[in-house]
Every structure is written in structure tokens, then in C-alpha cells.
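Q: Sequence:
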Amino acid sequence: MTLYEPTRRLAVSRTLADGRKVAVGTLAQNRDGVYFAYDAAYLQQHGNLSPYHLRADGSVQLAARNLPHGLHGVFADCLPDGWGMLLQDRHFRQQGILPAHVTALDRLAFIGDRGMGALGFEPLWQPQAPPENRDYAALGLAAQAVFDGQTEDVLQELIRVGSSGGARPKAQIWMAPDDPRHCRTVAQPGDEAWLVKYTSRHLPPLGHEEGLCEAAYLQLAERAGLQPCAWRLLDAPAKSGAKRWLALKRFDCTAQGRYHLHSASGLLHADYRLPSLDYSDLLKMSKQLCRAPAIGRL
0 MTLYEPTRRL
10 AVSRTLADGR
20 KVAVGTLAQN
30 RDGVYFAYDA
40 AYLQQHGNLS
50 PYHLRADGSV
60 QLAARNLPHG
70 LHGVFADCLP
80 DGWGMLLQDR
90 HFRQQGILPA
100 HVTALDRLAF
110 IGDRGMGALG
120 FEPLWQPQAP
130 PENRDYAALG
140 LAAQAVFDGQ
150 TEDVLQELIR
160 VGSSGGARPK
170 AQIWMAPDDP
180 RHCRTVAQPG
190 DEAWLVKYTS
200 RHLPPLGHEE
210 GLCEAAYLQL
220 AERAGLQPCA
230 WRLLDAPAKS
240 GAKRWLALKR
250 FDCTAQGRYH
260 LHSASGLLHA
270 DYRLPSLDYS
280 DLLKMSKQLC
290 RAPAIGRL
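First residue of the sequence shown? That's 0 in numbering that gives the first Met the number 0, and the numbers climb one at a time after it.
Simulated from the structure, these hints should not be mistaken for laboratory data. Treat the numbers as computed from the prediction; the structure is a model and nothing was measured. There is no bait here: all hints are sound.
Beta-carbon label-pair distances, calculated as ranges:
id: 1; residue 1: 65; residue 2: 277; range: 18 to 24 Å
id: 2; residue 1: 256; residue 2: 178; range: 21 to 27 Å
id: 3; residue 1: 151; residue 2: 279; range: 41 to 47 Å
By construction, the Cβ of each residue, glycine as well, lies at the ideal position given by its N, Cα and C atoms.
Turn these sequences into a full structure, and let the hints guide you.
A: Right under this line is the structure:
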């Protein structure tokens, strides 16, 4: 196996909705755990990123070891779930690195600014790849082959677009409004950010019908007067076994920049793998965030 030096320190940045990039603070790791400290200049202009569990001051704050990945919730939210972790682990193994040796800061450095939400991390694990046009169907077939266990090899493009949450195969891609058939793994001016959910016959219980079922729920939400994100059904190649794949326009992206994203589990440091929250908790949290300017000004 390859010897490597784990990431010990990361600079945290935030891309604002207007596209400006600002320094947020610093993450560091030693044998005691992961520490974070805000940049004083950030707090003078912007709100606390995680108001329940981060102090809005320049102190060094240690994350509890029992948190997912040993990270403060707002940074754990930047890591992928089952699908993205599978892709990362495959990549590290291809580089001769055992996934068990990879630290949480290594994984954040691997994501850089390609994750969901507005936060980014430097230095990057590897240089940013140049923009490349891809057919979303080719990415889908590659994702399906990995998910179904038909191959151990993973396309680098698939790794770059696989940083979202969830256990199902999906890709964060960029598409030109007038050319939905093709996509890019790195945004170009005028591109729109989309999340494509691929399917497999091994997905319980709906298999290839999973995306169509979710599309039906989105239609019902629209008819009920709710405002779900924009979505579309993409034609799937016959080889995939699916009829359509669901694509969702990313709600964390603006035309120029990003919105800060924080899950309820990350905000409250609740384990999403266990039944620890109910709707009353979510309503109380939302009410408090909306009522208290000091808390809600994220």
C-alpha cells in the first residue's frame, strides 16, 4: 500500500449567493480530534454557520468524537453518504491507500468545493480537472455498473460528480439550458446545476421505478400548492433497463454562487442513522431559526 501523509489542516471558505468567496476559518486535526476556529473577519460580516453547536467567536472548538466522522455537524454535512463514500473508497484503493487510513479531513480535501452547499476546503486532495463534456447516459451506465457490482473500476468523472448525500447512485452535473442531453463535470458560464438520480433493478422496493415514483410525488406537491425544486425526467438508455431518470435542479445553487446548506441532523448533532427526531422537533427548530435573527442569520 502507498504511504501517504494525512491532511492535518484545511482552510474553510464559503461561496456567497452573489459568487463572492470569503474565508470562514480553519479546520485542524491531531490525535485528540478535529478542531475548528472562525476567522474573526468572517464573523464581523456574516452569521454563525451552525448556531446550535458552534460558538460565534474566535475560540478553538473541538468536535465530539461520537459525532459522525468526528466532525462538527456543519462540516459532516459536506461529506457524502453511502454512494459517495463508496466512490471515494474505490478511488483511494486505486491509489494504493486503505480507506481505513483516510481521515475526515482527507475526505473534505477530496471534495474541495464540489459538495452540496456553499462551503469549500483547501488545499485540495488533487487538482481540479478541466471541464469535460459528457453524456449523462454514459455516466448513468457507469454508476449503475458500480452500484450493481459489475466492475471495480470507477470513472474519474463519476467520482467528481458523486459527492452528494444518500445511498442511491446519483451525479451532480452541470447542463446548458438549451442542451439537456449533454452535461459537464465542471460548470461553465450559463450552466445550471442538476442532480441526476440513477436507478438499478437492485434498489428495493421499486427498482427502476423509483425515479418515476418520486416524480409522481413531486407532481402531487405542485398540485397541492407547494413549491418543490424544478425537476425533469430524462430518457434513460435501453441498456440501463430503466425508462426515465429523475433530474432535480439543485436548490443550493444560484446563477452566480451558492446558498449555505445545513441538515437538521447536522444542525442538532442528531444521528441520522437512528430514529432521534420527529416532526415536532423539526417544527420547533424551524420556528426558532425564523424568530431569532442572531440564530437565523446564517
